[in-house]
Amino acid sequence: MAADMLFNYIEKRQGERPWGRVLDAGTGDHSLRWIRKLPTTGWTAVTVDPIRIKNMLPKLSPTMRDTDQLLLGDWQDEQLLEGEQFDVVLVDYLIGAIDAFTPFYQTSILERLRPHVRGQLYLIGWEPFDESATHPAHKLIVELAKTKDACRLLANKRPYREYPASWVKREFERSGYVVNSTEHFTNIFHARYVESQTQACHRALEKVENDAVSDALSAHVEQLKTALMPYAKSSKGIRFGADYIICASPK
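In this text, residue positions in the sequence shown follow numbering that gives the first Met the number 0: the first is 0, and each later residue adds one.
Since the hints were made in silico from the structure, they are not lab data. Just so it is clear, CB atoms sit at the ideal spot from N, CA and C, and this is done for glycine as well. Any given hint could turn out to be false.
Listed next, with one range per pair, are the computed distances between beta-carbon atoms [to be verified]:
(1) Glu208 with Trp166: 29 to 39 angstroms
(2) Met63 with Ala218: 27 to 37 angstroms
(3) Glu110 with Lys235: 33 to 43 angstroms
(4) His29 with Glu208: 32 to 42 angstroms
(5) Glu83 with Lys145: 38 to 48 angstroms
PhoX-like cross-link-like pairs, simulated, lysine-lysine; straight-line CA separation at most 25 angstroms [said to hold, decoys possible]:
(6) Lys156 with Lys224
(7) Lys58 with Lys36
(8) Lys156 with Lys232
(9) Lys36 with Lys53
(10) Lys168 with Lys250
Sequences and hints are given; from them, build the entire structure.
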């Protein structure tokens, strides 16, 4: 799903309520680009990835206000943003990314963020792919996702792990929130998605020491790309899976 459509939905949900101070709990280029366009009184963006900080800071520094901050931090650190509250908190694909950076923290992150939520929390997630899919294009998408996970593991990196909206809503309720709404958005994959996923595979394979394994997987990735592209380049793309947005607030 195009990020703009998801962010537009959040803007509609927010309505006339002021944005005030905004926390981007797991920041990236897309989410922060959107936040910087909003009428906020200040924003705080947090990432655990030092490379992301290094790449983002030079581009952002010239236009940052005194009330804006880009932080390198881990939510497992209880002192991170201690005592600070925000009118809006964005959790943009953070649940799925946690396993790659801070494994096994998925069941703690929403509880950890709750003291910082003064108003609304908007969580964007991705439903796990249906591995029982029978359509040829859907089966290929699933195979590509599994191959990317294998490439990351062989490169000594942990794969991402997505969670269904039903699981996330239970975590919200357990962590002291009221779930106000849940909306799903069908994913439509085009050639750009296939390119990005195959490139991610190849980048990971560069770090695999066994050349025979790396070469075999690289060839498999290209076979998947060749098989997927006719579907991805069609005018309708590949409709499969869904993103979701959950709006919640503290009890």
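**Study point:** 25 angstroms Cα cutoff - pair lysine 36, lysine 53
**Key:** Holds. Lysine 36 to lysine 53 sits at ~22 angstroms (cutoff 25 angstroms).
**Study point:** 25 angstroms limit on alpha-carbon distance, applied to hinted pair lysine 156 and lysine 224
**Key:** holds (22 angstroms)
Exercise for review: Confirm or reject the claim that histidine 29 and glutamate 208 have a C-beta distance inside 32 to 42 angstroms.
Suggested key: holds (33 angstroms)
Review point. Is lysine 58 close enough to lysine 36, meaning Cα to Cα at most 25 angstroms?
Key: holds (15 angstroms)
Check your understanding: Between glutamate 83 and lysine 145, is the Cβ distance one that fits in 38 to 48 angstroms?
Key -> At roughly 40 angstroms between Cβ atoms, lysine 145 and glutamate 83 fall inside 38 to 48 angstroms, so the hint holds.
Practice item. Take a look at whether the Cβ-Cβ distance between glutamate 110 and lysine 235 falls inside 33 to 43 angstroms. Key: holds (41 angstroms)
Exercise for review: Using the beta carbons of glutamate 208 and tryptophan 166, state whether their distance is inside 29 to 39 angstroms or not.
Suggested key: holds (36 angstroms)
Check your understanding: Within a Cα-Cα threshold of 25 angstroms, do lysine 168 and lysine 250 meet the stated pairing?
Key -> It holds: about 14 angstroms lies between the C-alpha atoms, which stays within 25 angstroms.
Point to revise | Hint consistency between lysine 156 and lysine 232 [alpha-carbon to alpha-carbon, up to 25 angstroms] | key: violated (31 angstroms)
Review point. In this structure, is the beta-carbon distance linking methionine 63 and alanine 218 contained in 27 to 37 angstroms?
Key: violated (45 angstroms)
Hint compliance for this structure: hints 2 and 8 are broken, all remaining hints hold.
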